[in-house]
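Peer 1: Top line first, the protein sequences correspond to chains P and Y. All residue numbers for the first sequence refer to my numbering, where the first residue is 1 and numbers rise by one. All residue numbers for the second sequence refer to my numbering, where the first residue is 1 and numbers rise by one.
Honestly, the hints are just simulated from the structure, not real lab data. Note that this is a predicted model, so its numbers are computed, not measured. The hints are all genuine.
Quick list of the computed label-pair ranges, beta carbon to beta carbon:
hint	chain 1	residue 1	chain 2	residue 2	range
1	Y	W109	P	N233	49 to 55 Å
2	Y	W166	P	G288	34 to 40 Å
3	Y	V87	P	K186	46 to 52 Å
4	P	Y314	Y	K120	53 to 59 Å
5	Y	L146	P	Y314	30 to 36 Å
Not the full set, but computed from the structure, chain Y residues with beta-carbon under 8 Å of chain P:
hint	residue
6	N44
7	G47
8	M118
9	G161
10	D181
11	Q186
12	H189
In this text, a Cβ means the ideal position worked out from N, Cα and C, and glycines have one as well.
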Amino acid sequence: MDNDIIPKQPTYYEEVERKGYSRRDFVKFVSLMTAFIGLEQSAIGQVAKALQTKPRMPVIWLHFQECTCCSESFIRSSHPIVADILLDKISLDYSETLMAASGTQAEAALNNTMTKYKGQYILCVEGSVPMGADGVYCMIGGKTSFQILNEVAEGAAAIIAWGSCASNGCVQSAKPNPTKATPIHKLITNKPIIKVPGCPPIGEVMAGVIVHYLTFGKIPELDRLGRPKAFYNKRVHDTCYRRPFYDAGLFVESFDDENAKNGYCLYKMGCKGPTTYNACAVTKWNGGTSFPIQAGHPCIGCSEENFWDNGRLYDRASAFAGFGIEADADTLGKVALGVTLGAVAVHAVATNFGKGKTIHNHIEEGNESEHELES
Amino acid sequence: MSNKYIHIPRLRRVYVWELPVRFYHWLNALVILVLVITGFYISNPLGLLSHNDASHQYTMGWIRYFHFAAAYLFFFNFLFRLYWGFVGNKFANWKQFIPTSKRFFKEMWVVFKIDILMLKKDGKEQDHLSIGHNAMAGFIYFLTFLAFLVQCLTGFGLYAGMSSWWLPKLFAWVPAIFGGDILTRQIHHWSMWFFILFAIVHVYLVFYHDYVEGRGEISSMGGGFKFIEEEMFEKNAHQTPNPEKENGKK
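If we strip away everything but chain P, and leave its shape as in the complex, we get:
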């Protein structure tokens, strides 16, 4: 009776055909994906072969403390096949947002996949796990997020942490983090975890990560923070089309000023591009239409850890923890500078009293020598 819930897995290509895509569409899609995941042209054949021969990969997609923007981003990635086969047809056995089943049926589907494909399925996690108050802040079917995560992660081949929530905790974990929202890598340590941060991550990036896993059967090369290098090894700043204005020292001083109209660099408007690793300036959003900086808005660094607590969005100065929202490092530095100068001045004056006799003796001595010298 398993087949009622999980039909026999056809290959991706079979699914594409069934959906009415031509061979040409399929090859276009494969080329696009190969480019996105940073492979060379010769790998197109490999990707095509994988999609034609490998059965669809069972995927369980869990939603915890999140806003579903990752799912939204994913189903809007530029190429329709992404949504059609990777998501709609990805064999998405369980996804609270997108599955047809609900209630007991949904739970049954989840259990089914977990037992039938033990050790083979990909676990996608969207959202952070609240650990505060024994996890009651986010419960599904009577279980806490942490319980569910543990159970499902047990039989997963790999885990993809979608978005900043699952990768870094995101805004739910902003100080003082009332629910103790915790990213996945701090809870599950015995499985390979791919972090795909961003709020949300770019749809094509998400598709690219999955296609990479499908093609090679292993997780893509990750950087030191666990993010796929193909998408996260460059700063937004280093790939930004406004970079020449930065190097020239031409900056927007306020929104809507002449410089903004000229398209100058948004660095002084608090752009976090120089500290943010993402593919926004290359892949762009909504099918390559634009990205925040192109729309005239500074990058807020949404794919970086702690971007929510690391200072203001529209200011480069960083807030200094514990000194109120307005104090930044330079304000404190100036105060320290004043205090130091004051202390030095006081000490300098005091020296003439505290060491007066010594100084006097030296001067006497020096004067005497001066007199004794014949002119």
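Mind docking chain Y on chain P? Use the hints.
Peer 2: Chain Y in isolation, oriented as in the chain P frame:
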């Protein structure tokens, strides 16, 4: 003839700062000045107005270039100084900076009482003999070395991502332990203030020691010599001028 001047204490010339130490000192001062100024500019550049295209100027690019060039000089200069801490004379030795004995702390306390609080003993002003660094100064320099280290680690850590040379790439792990470039950049920025505050106190104290002790503190970083009263040698005859020994006790 000689009797005529006998009441003036004779000064002995002591070679304290060897040429490499002096060279290190002034190069360090120069590059730190460049690093602080360019660093401030990078963190908050001037609002330039230009009718030129971006391709006609490279202002920020040059400022950053000077920052990075100065950073390399700073780094290698720092490495050189560490090396010299093992092969230089006794005043340059690493033991002048890292407290390895109880006496080191004792002398620090003496310096604190005599130079900072300016306490008198039996109504008499006190003096202490530290021909090289006094223990307090040595320890503060040790802290500056730690600050150097922090700046090198965070600076090259931030730089690693845009470099193709292996040396900066060795530091790529640094931003990773801070969870990314944001915090790393902030630490780099905060630590810079230590250098500014240090420089003020340092320059002031050089003038202070020169003024109060009259042993040529300021000029010592030029010619390398300090001038020490002969009687001081006799008082300390049993101990070479070494802050580790109790020079503070008179």
